[in-house]
Every structure is written in C-alpha cells, then in structure tokens.
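Chemist: If you're matching them up, the sequences are chains B and S in order. The first sequence stops at residue 416 when you use this note's numbering, and every number in between is there. The second sequence stops at residue 416 when you use this note's numbering, and every number in between is there.
Because the hints were derived from the structure by calculation, they are not lab data. Values in this document were obtained by computation on a predicted structure and should not be read as measured data. Hints may be right or wrong, so weigh each one.
[What the hints assert, rightly or not] Covered by chain B, according to a simulated footprint, are these stretches of chain S (three or more residues, beta-carbon under 8 Å):
#1 244-255
#2 270-276
#3 321-328
[Claimed, not checked] Taking lysine-lysine pairs in the DSS-like style, the calculated list, with each CA pair at most 27 Å apart, reads:
#4 S/319 x S/278
#5 S/349 x S/319
#6 B/278 x B/319
#7 B/349 x B/319
#8 B/319 x S/319
#9 B/278 x S/319
#10 B/349 x S/278
#11 B/319 x S/278
#12 S/349 x B/278
Cβ coordinates follow ideal geometry from the N, Cα and C atoms, glycine included.
Single-letter residue listing:
Protein chains: 2
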Amino acid sequence: MSSTGPVPQFNLYQLRRTCGTCSLAELCLPMGLPHDDMRRLEALIAPRGPIGEGEHLFRVGDPLRALFAVRGGFFKTYLIEATGREQVLGFHLPGELIGLDAIWPQKHQCNAVALSTASVCELPYGAITDLSQELPGLQQSMLRLLSKELALSHSLAGDFTAEERVAGFLVSLSSRMKVRGLSETQLTLAMSRRDLANYLRLATETVSRVFSRFEQDGLIAVDRREVALRDPERLASLGRCLSID
Amino acid sequence: MSSTGPVPQFNLYQLRRTCGTCSLAELCLPMGLPHDDMRRLEALIAPRGPIGEGEHLFRVGDPLRALFAVRGGFFKTYLIEATGREQVLGFHLPGELIGLDAIWPQKHQCNAVALSTASVCELPYGAITDLSQELPGLQQSMLRLLSKELALSHSLAGDFTAEERVAGFLVSLSSRMKVRGLSETQLTLAMSRRDLANYLRLATETVSRVFSRFEQDGLIAVDRREVALRDPERLASLGRCLSID
DNA sequence: GGGTGCAGTTGATCCCGGTCATCGCGCAGG
DNA sequence: CCTGCGCGATGACCGGGATCAACTGCACCC
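Use the sequences and the hints to build the structure in full.
Modeler: Here it is in structure tokens:
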C-alpha cells in the first residue's frame, strides 16, 4: 500500500487534540463558536490515530455513527456505479468534514479512503445533533457546512472543456492550500492521475495532455505529482470555477 | 409571458394552508414531525398567492430572508455564469424546498423562477432555525433535506451519454410524479426543450434527437410537451440515475 | 544485472455530440 | 388571409475528447 514507506510523522498524530487550539478550527465544524461552547464540543470528539494509505473510513451502506473531520492527510470519497465503474466525488483536505451526505438515510452514501497516511477527528453524530439542540451556533455551523457543499457541487455542474476543468481544479486547490497556510504555488497532488481524471470526468490521457500543454505554455511546471503554478493569473482566467472558500 | 392563457386555477390557491392537512407534508419540511410540533411550525409559515409564469422568487445575491416550499406549480433554479451563459440547476415540484444553498453565506446563490403559475409557502429562515432549536425533529428534517440534496447532486455527477441522461431524467421525473399521486406514465414537461437540454448539459438538438429515437424504439410517445412512458422498464435500464426519493 | 509491474506520457484513430443551417408547426396580431 | 416569431425537429458537417496502442521511467525484488 504505502509505496514511499511509512514515514511515521509522529508530530502529526500528537497534534493538539482540542479544538480550542487546533489551527483548523476556523475551517472546521467549530468555526465561529464561542469558547465555552467549543469546550463542550471538544468533549464529544475522539481523535483517531494514524490511518494508513488505502484504509477506508467508511463504505457505502455503513450506518452513520459519526462524521469525520480531516486532521491530517488527504482523503478521497467515491462511489461504485451499477456498471462497476468508480466515480470520484471529491478530495478532502485537513479541516474538511466527510460523511455529510449520510445524514439523510442515516447510511453512508459513498466510500471514503485515505490517499496518504492520515488522522481524523471522529464526531459521534447523535451526540453532535443533541448538543446542537442547545447551541445555536453549532446548529448554524452544521447547516452552513452542508449548504456550502451543496453550493460547491452546483458550481461543478455545467459543461467545461478539458482545459477549463484542469485549470479550475489547480486554481481551486491552490486557494484551499493557501487557506491552510501552505504554499499556494507549489502543489503536491495527493491523488493519482487516474483519480484526478475520474474526478474531472476526463480520461487520464487527456489530463496528461493538458498538463503537457500547460507546461509548454509556461503556465505550470510538472514533476510527477509536484505541480508548480508559474502563471496563476492566466491559469485562473482559463479555469472558471467558483472555488468556494 | 403566459402563452397558454391565465387559467386561474382558484382551487390551487385556496388549498389548505396548514401543514397538518397539506397532502405535501410528508414530502416537505414537516415530514415526520409530531402533530403538536407541526402546529408550531405552521404558525411561522406564510402562504404566498399566485406567482405568475416567469416571475422570480429570488435572485442571486438577494439576502436570505426565507426558504420557499413549492405548493403548486413548477420552478426552475439557475445561475448565470461569468461568460453570460445560463446554467439550469434543477426543476422543483410541489413539496420541494428551494433556497437551501443560500444558508451558507446568507445570500441566495441562484435564481428561482416559476415555469408555470405557482404558489409557495414562505418559511422565514430565522424563525425556522429558532424553532428548530427547540424541536429536535425539525432540526433533523432540515439536515435531512440538505443531505438529500447533496446526495442527489452527487448522483448527477459522472459522465453519461445523451441517452442515459434523457432516460434518467424521465425515469426520475416519473418517480417524483408518482410520489405526488400523479400519473407516473403520462408526464407533462413544464420546461422548454432548451431548459431541459441545459439542465442535462446537452444541446437542444440532441434532446430532440434522443426523444425521436426513443419514440421510434417504442420507449416513449412524445406530443409537444406531453411524454408518455411506453416501456418504463427498458427506459429505467437505459438511464442510470439514483433517483433519490 | 535483468525482470516485473505500475504510473504516466505520447501518438493514431474514431465517434458522440456540438454547431450551423434549414424546415415545419402552432399561434398571435394585423 | 398572410406574416412574423418562437419552439421544436431534422440533416450535414466538424471537432474535442475517448479509445486503443506503444513506449518511457521509476520502484521493487529476486
């Protein structure tokens, strides 16, 4: 599974486990919560140790026990169509919540797998909704997060050309990295070309070709899964994504 | 605007305005709410009279004051891209809630327009969230509705052929009509071919051609905007949609 | 070292669906 | 009645991206 070796990033898993000091709190569920309320939320949250690359957080049909907040590492969510084809729904960075589409039937509607060694916070669903009954801010947060995901998936609708899709993805990823305090020009793609192409509804060959074309045009520099944005301006004008947040 | 004439369906607007006896309650926000709780919800809801064809419920950027539940008629939601192109996000039948993607930034993210003379229930957002603070069932309903929409938009992802899209749309519409106690084989499309094609991310010509092909194959019978499903079985096997609900 | 296997790139070809153009129809207004 | 107009259907053509195929490069392992 792990091709690059274990590389036990210990400090990753010894990260502050309390929301109060977590650098992701602003992006995560507790966003904007008063400090006292955050303390009560913390009490419910169970950090979960190293999750190996390729390990699943949940699978389609699993009963909804908890939502998960990414603490470190990267995840992808996907589903298997009736035809057997895989369909990638999204990639998830630290601070993002996974499993929201399970609320409706109380069963997970997609699979979630770690793309790299990762760690998460487990948010028992029942306890969260119970608490949000008392804390208006928490309820607002949950609604906002769901609404935001909805708006995001709306923005992904529409028919785009291959170049628009790839450019839009890079720009959007860049901004998500920036919010997390990481380099916005030097991106490390956690996913394979195959997953990326699948997510963008393109063939892997097409993604390769667009990368090559962009590189020739001086827009980016590609080295394996390292992508450097050389001309973010022009790239942004190419891709038309709403890049929520 | 109204090409087929006003046809003032008075009984439509004199419909029971209380959720308790509304036939749509099972599909709408109060779904599964205890009777006492439903009474309290009713008190907040303002029915809104005839809305003419082409009239807007809200537009992009409008502050979120209320969510809207369709009571009668049909709506479409759409947005205008930076390029000026319109993008249809969905069609909304009686019992469905519109405006959920406005919760996140407290501003509407899309435009909503009536495709036929219609009526709605207005749900003041602040009052709803306040009340849901007291009624766990209401909070659950809101989360479920949002989660369901999210799952739906996930199911629309993926690259489908033109025939899969059209077949999937017809099957899904059929099941939505059935739930509402209407004919599941004799469908009346409220939207133009242009809107439909836009929604399905196809050219209007392609939709026309697929309709013709389906008719030749004995799958459907088309007369203007009347579509009769002749072979729902085979149609369902063609379209691969999750048809949430 | 050579072998194996997977990820990614590049090239050649094909086909679905978009685009452009034309035509028919139903309807409103003079 | 004719005219105009918008919607929808149909035909001819074209192009972007999928598909098929060959090749490269890197990692791992005997």
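Chemist: What hint numbers does the structure not satisfy?
Modeler: Violated hints: none; all satisfied.
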